[in-house]
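Visitor: Chain by chain, the residues run as shown.
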Amino acid sequence: MAHLSDGQIEKLEATANTIRKDIISMLLEAKSGHSAGPLGMADVFTVLYHTDAVKHNPKNPDWEERDRIILSNGHICPVLYAAMARAGYFPVEELKTLRKFGSRLQGHPHRLVLPGLETSSGPLGSGLSQSAGMAYAFKMDKKKNQVFCLMGDGELDCGQIWEAAMWAGKNKLDNLTAIIDRNNIQIDGFTEDIMPLEPLADKFESFGWHTIEIDGNNIRAIYDALQQARAIFEKPVCIIAYTVPGKGVDFMEQDFNWHGKPPSKEEGEKALQELRTLGGKISGE
Amino acid sequence: MSNINPNAKLNKKLFQGDIEQIPTRFGYGEGLVIAGKENQNIMALCADLTDSTKTSEFKKVFPDRFVEMGITEQNMASLASGVAAVGKIPFISSYAMFSPGRNWEQIRTTICYNNQNVKIAGAHSGVSVGPDGATHQAIEDIAITRVIPNMVVIAPCDAIEAKKATVAAAKYKGPVYIRFTREKTPVMTTEETPFEIGEAEIYRWGKDVSIIVCGPLLYEALKAAEELAKEGVEAEVINNHTIKPMDKETILQSAQKTGCVVTIEEHQAAGGMGSAVSEILSQNHPAPMEIIGVKDRFGESGEPNELLKAFGLTAEKIEEAAKKVLKRK
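Going down the list, the sequences are from chains A and B.
All residue numbers for the first sequence refer to numbering that gives the first Met the number 0, where the first residue is 0 and numbers rise by one.
All residue numbers for the second sequence refer to numbering that gives the first Met the number 0, where the first residue is 0 and numbers rise by one.
Okay, chain B solo, but in the shape it has when bound (with noise of 0.2 angstroms):
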């Protein structure tokens, strides 16, 4: 673990076998029963999904302050925005592909446009979901948010860093989108770990190759990092939690170091973490990119490791695109 930053204070377990695996949801679940803890203004809203949402965590706790809203993501949303407008802080969930995905509009009009403190929790992101299949894998949520005037995104990387970001959400004053994922993922981070909104964490230092990535994924590219160093090639993982705002400094900083990135995220390729990194990039600091995600497909049933392989979201995929990118520098 030689260049591992010791600052961002990881895992102690990073690289063995039995590293602690929690789905990201659960962070959710945690840090919102903080967050209701901390401030009495703070609503949980679901539509119909408590238990797999985890916002039963916190009506367990605080259940004159849960509301169950039926199979209504569009209502849901809006009615959010209602309650925000007399001092609520609502957290709405339900999966990602409801909630951005079916009241995206509500979302843009009735919580951007109207810049209500709304948080939006959306499960079950990425083709990791599995089993159910393209229906219920949200692989578009990070595009259909960014683009939204007013609206921070973030994809928290494991379950510590999602119990982090709700909390931190729910201190934000403004609309937030948070995307949590379905299965076990390895718990990278430690409570010591930094985390701030918009502030990306060098977790390994290298000079060759930036990898920048977002969610559990970061999982993979420290182990590509790993297999590369053999190889003498020292890479640069960057966690970028923040999709907006991005930290343009710390990417522009690390680009400008290595002069050459990759990117990778369960999500299109089209339209989210990597492409905002290439507009920072192209408009910045031109550098050789090669965006890792799903190439414009839906996602299929499966199961989890054999669908992320499948659609070439690995460490080898990481590897192999870091020594094509190395070699366009």
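Extracted from the complex, chain A is given alone in its bound form (with noise of 0.2 angstroms):
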């Protein structure tokens, strides 16, 4: 199984941060949008579209043998664009557009008017379902491709997730990862509050899943968690990665306040000066 190196990570964890400034700055822009969902998930996107643990090319965003990243709860897009324009699916200038009239960054994600995206996305709970159509279409022509979805804890709420689980287990799609933003929060509340998830990995698991539980704001835990999720024969792989909401901006994380509103000016300020100076880790701000 191949691993990271220290100086992969540490290059790593700087392109974390810098989506995390661009996530700032593109709300800060847009005046709406959500806060917390995509700073937490920058380390797992990071993951995704900056190293090899998914085949993709930005050049080719077609490629007919690129492995499939789903993103199913939409409203994080903030971060898959910017994971996208950093890897060089679009130029970074084009970040500063999202949700504005004509924009190629839809609010939620538009499969048909940016290349790279695999589908539209925003009415929770059904990327599961596509994804699970995509990796059976896969198994069905003996394809190698795998499928990745993001998924988000809130969602799973939703009675479709649980569908596509049952019927994914059933068809024993080995092709195909679920990744669970897990940051117990909702728009409402806590999610043990709003609706009670555990035992989450207890009841993937029934349902025939594997699971992998995980630090999602680790790089090297989220780089080996998708090692071992190809290596995983006869079964879906769920790997439930705990992340912290706002990830990298102490002031957001851990609220669910900031689930589904943007910084003001002055937050903005603040969480971008927070984010160069990694924290106050880096003097001379």
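It is worth saying that the hints were derived from the structure and are not from the lab.
Just so you know, not all the hints are guaranteed correct.
[As the list claims (entries may be wrong)] The calculated lysine-lysine pairs, modelled on DSSO-like cross-linking and capped at a C-alpha distance of 30 angstroms, are: (1) K143/A - K170/B; (2) K59/B - K143/A; (3) K142/A - K36/B; (4) K170/B - K138/A; (5) K36/B - K143/A; (6) K58/A - K172/B; (7) K36/B - K169/A; (8) K59/B - K234/A.
The structure presented is a predicted model; accordingly, all values stated were derived computationally and were not measured.
Could you use the hints to bring the two separately framed chains together as a complex?
Guide: Written out as structure tokens, the structure reads:
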């Protein structure tokens, strides 16, 4: 199993930080959108788009042999857009057009306008079904493509997720990996208050899935889990990534009030300063 | 059969008692097998209603391309979007009440907004589903599908046309909804009858009133036209099988010629085929109209013919409507 070197980790952490800065800048410019989820998932998206864990080619988005990255909880798209732009799918300057009229960066992702997007998403709960469909079709054709489905934990309230989970388990889709952003928050509050999900790993296990639990803000752990997922046969894999919502911006961390709103101008400046100095670790700001 | 359009090549036994009676869903089963033979990317997904939707026909011939979904209509719609995203052409089937009923948002977002090549086959539409009652009688499906961008909507009039519509949908690139019915209904068309998606066909020529129909009620319209002829009223009968995109030209030409229109469908009068016709007429050539359909109520249990009568979906009601609309010219 391939591992990342310390040097690679350091570089990837810097990329994740750049993506976090992009997210804050985009939200500041757009004046609407979600803050906590995108920041929390910056490390996962860094590994997905900036390592060899997933086969893809920014210069040839329709490459037939690419793996598929499906974003089910479309509202965290700022992190997807930033990771894609930094990987070379489209110019970084375009990030500023998020949510604006005529932009390819729709408030929730739209496949038909931005090359590299596999699906349009927003309404929660349908990404796992689409991913399972792709995985099933690849198996029918004896193709090696892997499918990675990114989901929020809040959207696990949706019945459709469990329809898909049951179906994927039944069909032993070992080319399907679901990555759950387990940040414990959703719009109305903490997930365990709104609709308790625990014991979450047991739920997926009982539906015929292999589960891996990791620190979702640890680049090495994310990379290793994705490697491990490829090595699991006969079962779909569910990676439960425990993330800190708002990660990297102290006043947003762990606060569900930041789920669905953007920072104000002052808050945004403060967040950017914190990210630039890595929480005060770098002086000379 | 004086004014019947010979080019429509309708069944020679059209007005005889022994005209063949076959449910339109049987045509779906047959068409699916033909489509499957023509293209190996065709798949059939079904949500635990494989026999009654006639997806079973496909399953028999292509077991490897049939997928049992269990009762997961929402999952089925999005999953179909997924298989389509990697080049397959999935047909998803259930009763229309559940697909496109229950899974409407998944159809809108994951199929139509994504513009994926998925075909939705809704069986058991209309009140003629019969004893199962209102919960299983889809009479809103045309309305909810035709408002979604990228979607094509077809309501075949008989089993042969249902077969042709299925084969044509397989060849068309993009989302298509086809509605089928449960009961045996007269086979009015023949293999030679023309069928193209988006092209309405005039089955009977007339100059006094246009009767525009979709689905098996077309037979009631043809019968009504024969009765009207006896009273000197020449009705033009149009098989308007494609509700979207609608054949504007044929509809407008007929309305311009006759000056008044009756529509009939086994669907809510609001939002259905008749509404779509009125949208075209009111903006291009306003003409008096009578829209026959279910008037803002749910279905109920009963025998199919009993229900069609109770809901006013009969030749007699079409005659009445024609006479009424003639006076409004």
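Visitor: Would you check the hint for K170/B and K138/A, treating anything up to 30 angstroms between C-alpha atoms as holding?
Guide: Holds, because 24 angstroms separates the two Cα atoms, which is no more than 30 angstroms.
Visitor: Does K143/A lie within 30 angstroms of K36/B when you go C-alpha to C-alpha?
Guide: 26 angstroms, holds
Visitor: Regarding the pair K36/B and K169/A, is the alpha-carbon distance no greater than 30 angstroms?
Guide: Distance of about 28 angstroms is within 30 angstroms: holds.
Visitor: Run the distance test for K59/B versus K234/A: straight-line Cα separation, threshold 30 angstroms.
Guide: Measuring from Cα to Cα gives roughly 28 angstroms; hence the hint holds.
Visitor: Decide if the proposed pair is consistent with the structure: K58/A and K172/B, CA atoms, cutoff 30 angstroms inclusive.
Guide: Satisfied, since the Cα-Cα distance of roughly 27 angstroms is no more than 30 angstroms.
Visitor: Mind checking the alpha carbons of K143/A and K170/B for me, to see if they're no more than 30 angstroms apart?
Guide: Holds, at roughly 28 angstroms.
Visitor: Going straight from one Cα to the other, do K59/B and K143/A come out at no more than 30 angstroms?
Guide: 29 angstroms, holds
Visitor: Does the structure keep K142/A and K36/B at a Cα separation of 30 angstroms or less?
Guide: Since the Cα atoms of K142/A and K36/B sit roughly 23 angstroms apart, the hinted pair holds (cutoff 30 angstroms).
The earlier numbered hints are all upheld by this structure, with none contradicted.
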